[in-house]
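Participant: In case you want the letters, here they are:
2 protein chains.
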Amino acid sequence: MKEKPKAVIILSGGVDSTTLLYDLKDKDYYDLYPIIFDYGQKHHREIEAAVSTLRKLKIPPKIANLRLLGELAPSALTRDSIAVPEGHYEEESMKQTVVPNRNMVFLSLAISYAIGLKAEIVFYGAHCGDHCTYPDTRLEFVKAMQEVARLCDWNRMQIDAPYLLMDKAEIIKRGLELKVDYSKTVTCYCGREKACGKCGSCSERLQAFAKNKVIDPIEYDSK
Amino acid sequence: MKEKPKAVIILSGGVDSTTLLYDLKDKDYYDLYPIIFDYGQKHHREIEAAVSTLRKLKIPPKIANLRLLGELAPSALTRDSIAVPEGHYEEESMKQTVVPNRNMVFLSLAISYAIGLKAEIVFYGAHCGDHCTYPDTRLEFVKAMQEVARLCDWNRMQIDAPYLLMDKAEIIKRGLELKVDYSKTVTCYCGREKACGKCGSCSERLQAFAKNKVIDPIEYDSK
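Order-wise, the sequence lines are chains H and W.
Counting in the numbering used here, the final residue of the first sequence is number 229, and the numbers go up one at a time with none missing.
Counting in the numbering used here, the final residue of the second sequence is number 229, and the numbers go up one at a time with none missing.
Mixed in with the good hints there might be a few duds.
Each pair may be met inside one copy or between any two copies, as identical chains are not told apart.
Stated by the list, open to error - Below, computed lysine-lysine pairings styled on DSS-like, alpha-carbon distance capped at 30 Å:
{"hint": "1", "residue 1": "K124", "residue 2": "K48"}
{"hint": "2", "residue 1": "K8", "residue 2": "K179"}
{"hint": "3", "residue 1": "K219", "residue 2": "K149"}
{"hint": "4", "residue 1": "K124", "residue 2": "K149"}
Simulated from the structure, these hints should not be mistaken for laboratory data.
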């Protein structure tokens, strides 16, 4: 049997990257190497969620210690002194949840891992949807990353973000077709046992499930 | 007095970045924030060298724990099981000293740090000189990184590699004008007390000092 080409996938334990993992597994074209970044996020429960998903799919987890990122630059996601704002992504306050340059850092390390594995591509679940809180989920950013990935090694490395132009409701629609177990995903930024239901991340998730007329299987403190 | 704009500089403790640090300090346009990456390199003496230089210049050091990079991908610079090859940079064996995607990883984390500091630019001492062992010191790579840096945050972040088109002899010529203390630099990849004088990195350094008709102030095991 011919060996499959290898792909690295950045897995956060959230809805987008978990759906993408199921999607790539379903397509069965690549041998998948997921990498999970521990960057000191308050919502480290997402790491446990990612590991549960991988256990279910019988793929070994690889957790990368990237606490450095949380130390280097402040964000509401990594500093106790900055509260996670409530509200919707459209609001200015949500910019406090930007982890400076997170996607470039994740992608660059995922590329190092991919070069070592002789993988040909790195997947990540970025989507810009209908809001623009994060500069590094924009189409032009992804295109520029694809160009730099082409040049960073003697062999061309590819980057793909297949959900980039979808919104979260469309991603969940795809996930429901793939029978993704969304009980094993974490979206809330607050890191408490139950999701807060109030932060921008929870709001977007709840709306996306509602649009699909499906009940979100995770527990909330309030909705 | 008006505050100076801030700049992050990636400092390795080698000849190129040390010269660049002196150069930027001499120009006195930026308030400088050097960052030193500990990525599990065998030649961790370069970190001590970088710290000595900063102490001399009265700039506080910041050492970033990036052991993850050494773990993610194999290289002769980070794995005891892979010997550092002897010879010149032109030789195929020198490709074993490539740390996969090192410059993108360094730059991406330096950008995170710069965004947090509200710095406007990241400097690094890459030069392609007259050999091409490292894909991520090519002009087209640097140009692509400049483009992605422009897009990764809501504010434009700049990257500059002012020595990119110079060779090591030209960098040392500039450093001699600036009275750089080259006794506080480490170039050898082997990590022993004295420089080996035989690896590609030592060979290039020795030739560059010879071209400038100056004796290299560091100690060698053999030349």
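Participant: None of the hints should be skipped; say for each whether it holds.
Facilitator: Structure-based check of each hint:
Proximity of K124 to K48 under the C-alpha cut-off of 30 Å is restricted to the inter-copy arrangement: shortest distance 23 Å between copies versus 33 Å within a copy. Within a single copy, K8 and K179 get their C-alpha atoms no closer than 33 Å, and across copies no closer than 55 Å, so neither meets the 30 Å cut-off. In this assembly of identical chains, the alpha carbons of K219 and K149 never lie at most 30 Å apart, being 34 Å within a copy and 47 Å across copies at closest. For a Cα distance limit of 30 Å, the shortest separation of K124 from K149 qualifies both inside one copy, at 22 Å, and across copies, at 25 Å.
Violated hints, in rising order: 2 and 3; the structure is consistent with all others.
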